[in-house]
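Trainee: Here's the letter readout for the chains.
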Amino acid sequence: MMKDWVRATIVAVLTALAASVAELLDRGGSTTALVVLTGFVALGELVVLRPPHRAALPLAYAFMLVLVRATSPAECILAFAVAELVVLPLRTEAWSERVRASVEHFGAGIVALGVYRLADSIDGLSPTPRMLSALALSGVAIIVVHEVSAFSRSYRLPPIGGADLALVASGMLMAIGFRGVEARESVGLWSVALFSIPLLSAWYSFERLAVISRTSAQTIEALSVVPEMAGLATPGHAARVADLSVLVGDRLGLRRRDLDDLRAAALLHHLGHLCLDAEEVRDRPIEPAEVAEKGAEILRQTDLAKAGDLLATDDLHLGGQILRVVSAYDDLVTSGTPVDTAVDALYSGPGFVYDPRVLEALDATVAPSAVSPVGATAG
Amino acid sequence: MNDQRATRVTAYCVALATFAVGLGAVLGVRGPLPALAPLLALALLHLFAENQLTDLTAELGSSAGVMLCTAAMVVFRSDHSALGVFIVGVAGGFYLPQVMKWEWRKLLFNCSMFAIASVASGLVFWAITGTGKASPGLLLLAAFPTALVYAVANVVMVSIVVMLATGQRLRDVISVGSREYLVYFPFALLGVFLGLLYLDYELALVPLFLVPIIVARQAFSSYLALKRSHEATVRILVGALEAKDPYTAGHAERVADYAHYIGLELGIPASRLERLRLAALMHDVGKLVVPNHLLNKPGKLTAEEFDIVRKHEDVSVEILTRIDFLAPVAPSATSEAAHFSPVADDRGQPVEPHIVAVADAYDAMTSTRSYRRALSQDIAFAELRKNSGRQFHPRVVDALISGLRRRGEVHGAGHELFVHHVSAPRGHTGSAGLGDLLPEADDVAAEPTGR
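Sequence lines, in order, name chains A and B. Taken in order, the first sequence gives residues 274 to 652; the numbers are from the numbering used here. Taken in order, the second sequence gives residues 253 to 703; the numbers are from the numbering used here.
Calculated from the structure, these hints are not laboratory results. The model shown is predicted, which means the values in this text are computed figures rather than measured ones. Accuracy of the hints is not assured; some may be wrong.
What the hints assert, rightly or not - Some, not all, of what chain B presents toward chain A, calculated at C-beta under 10 Å:
hint, residue
1, ALA289
2, LEU292
3, LEU391
4, ALA405
5, VAL407
6, VAL408
7, SER411
8, VAL413
9, GLN470
10, SER481
11, LEU493
12, PRO543
13, ILE575
Glycine included, each C-beta is placed from N, C-alpha and C at the ideal position.
Next comes chain B alone, as it looks inside the complex:
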């Protein structure tokens, strides 16, 4: 983030906080003061939820927040104490790691955002339900527009910050991830229940309410932890296996990263993205059964040698097939599945093989191999574009290029992480991977990505 953007973000956070403080002051002076016991209980619960349920809420948005703020609206409904809802909202903004590091802009923003969203949605809720006795059905019904207002307030305030920080257009920011706000609705309904339970039984039933949520959260964090640990383990194992060959060290990891960029650009959902990353990491694992002297042979391979090298694709497929989670994308390891054919109807066909193929070809072109030096990024892009729609899937090529540009990443000649102290011959653009090693020119079409 450059200085100008940082200043804008700071100004925005301060402005939002000023508005929130003003709002709180007006509510405190003019409105009724909230009852202390429910205020403390709900504020602490909100604080706890935002701090303890972060793993789960990363996928569910701030659904715990909407639940507790709705509960506060139900509890403080009898006297319309908006200050109560305001304070419960503010409590959710104190994310302790940010407090410890004193990231004051984030704290200001979060506290203000929660407070403003809660009060705005609370006014809607009370406008519908009034102060007198209301049937649970009406309260539940009112939760829908309430959650909608909460979500809209949330989206607008967060999107503006993202826009200021990244320089993207507001429209683009809002369209990303708006689907996750759907979970606000069931959680707002749960909030109505929590509020009713509190009114009827005070704190007695709150622990019962928290147990399943905490259990879900713990299971989800174990899942996240195991997922990270698994990917790290595969990275290290595959990295160690590649390390014996200086030319391809880090190849799988880079291909996984590029595949991830492409997947993000194409809007592939999270679970498939996870699958794509792991498959990309392991796409070349079959290469391990190919003797090193063939992999790095400087010069053309004989037909028999070429067959042996080709066999590694079958081994890769077999290994991926043994893993249930990766089996659906096991063809990613073959050049046939990855070869884009403009004639064939590819609807219903998984896009993953094409992603791995493009990521693989790009990395092959931009890193030095035993038979040629790395090409520049511009040449690699030009080569991908040239074959886009013929050999490579056009959407995938575009996604890689825009994904790399968005991140400002440059690879290829002059930008390699590993500098080889070997004199590899300079290659021409046709040699994506095996390129020069192919026995005959007509085989180039059959072995497009040259793994």
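With the rest of the complex left out, here is chain A:
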């Protein structure tokens, strides 16, 4: 696959070429600036802020505000359309997703244009506050379109956060710097380039954050396999228990944070086995409770302390109950018990009293007719 910087360079080179042609054809006119701004929007489609738990926000949103203010409606629409078309082949997602993103961002730009024109035409305000509020409203309109689109896909409203604010604020500054208000200084395209710097450092920070979050999650997943490789659990047990526990937890209404802890606890619930002192457990069978307590003891020393609590045998959290039920269920199913009898067996399990709410939720989750809320539970 093409590297990010290669794709960005392609757009930059195309922009430079088009701008040179524009300068030749229309010396001193506004075409060159229009072309360069279009190039910024296209580049901004490739550089995307990815805050945690938030639909990705392209830097293009900020650059759109400059076009909305600085160009005529026709030029603005043309610029958005060209930018979205140019990046369409350079996006990395599946084609349906590329088209959806391009259409959504184009739509957001058009809405922003409409809102700006409407707000800027209101009489009774002096030019500077009018322009500022029109720009702010226009920026908010982009975010609203983004939210509505995200909602229509996941039926969840992602929380608006700092990244949205940063995009709107930077876009407003770029628009003001590009062309001043009431005969004040303007610095043209410089403002667009330079106000991108804070956005780029935000982008860099979010990327590093995403890498370390992924590393952290993958490390736990990788470690979860060690007991299986050592022959202490059936292959895939930890991953299956984690996935099913999260589904059951989601059905029981656990919050995202609790689901994350449940997932970590489920993945690491056999790790304690590897840590038991070899001398102490020599020549005697190891009790499941020992493994759980050891795991809890270790996880409680880390930032996964809440996950550790779930492993403790005296734990009364719903998460802990879910983990024990699902783990027992997976043991039954992997040892050959049919799915429907496995749940029944847990209801009447000898010596164990499982939480009936959890059993009901498990029953509903694994029933063949159950519609699993796919995508809504990814921890």
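Using the hints provided, position chain B relative to the given structure of chain A.
Mentor: Just chain B now, with coordinates in the frame of chain A:
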């Protein structure tokens, strides 16, 4: 820091502060006084930036400082009030944790340094742009030499303090980290904008300016926090897994530390260093699937037993491969990738496996194992040197030795953190790790680092 060095640093800080106070007095008496509103606003912003953006600026130098000082130069340009720039600079030196602990030498140094650097660069800026109307283009252009002077002043003053405190040569201190000053240039340009915006719109637009910077900073501190938490978690998990074997307790953590020293000596960039540390911490994770009685068997392993022990390398590689961030250095866990071959062209090959191999061998030699006691550091160094260029990467061996010497660390016989109450046989130098356990002598070459 010994007493003599401490005295020198104190003297330097006091001298710098005296100069700065004198400079401020001259500017106050002879120059025009700055307008109060922009002075307060910019000084407070500088104070805020240096206190709130420290996480971000640790990677970006004091770029927020250069931005706000440049803004002050633009705002006070009409009457060349150098005192204004001076005061805005001083404000950045008040780092509140240092004020609370009353670390007066640091406070004196920082305040003086910011003030002197700001005034020096401000004079350059004004010399180019004058007092009258100047086009934004000229102001932006002038920001380049201004940032250069600011950076040079900053580097010289900081480097002298480092030289006095550590006894290193000035040249060595300056060459370290000079690349980070490149970010001063875009931030000086941003400062010009901030100044122009202030002149045109006063405080109205300043919040807009701060929002993206604060958001970037918050994301960056979440990243740093998660990074620390992740490494701590891996340390504890790996430590707990190792703890069942008294001979290797703390091994991974020490190997990670040694690998980090080597990486620093070799000048590996920060993100790769992070990867190296985590990979080194987890390089032995596959050992967990090897039954304890084989790991600690005092005596030679049979060929089958040796195969089982060798299998752990594959498990380690598989586990590292499952983590995207570590996958590129997953071969660090195999002895093949780590074996240095003087014939093969190793350009383009990652150096990480060699680093982990040397760190691992050094720790194996300097700690007691079930089959032999710890060797002394001198013997371990001699052994690494002897095999440098044959089994170990020569640059990596040199880096480890100089890294440990620089820190004055001594490991090995008599310096072990964990004293074992077991009588392990004394080993000879050939037994880096598995050493004596290898089935036949000709296998020693195939299993160089003996993990």
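Trainee: Which of the numbered hints are not met once you compare them with the structure shown?
Mentor: 1, 2, 4, 5, 6, 7, 8
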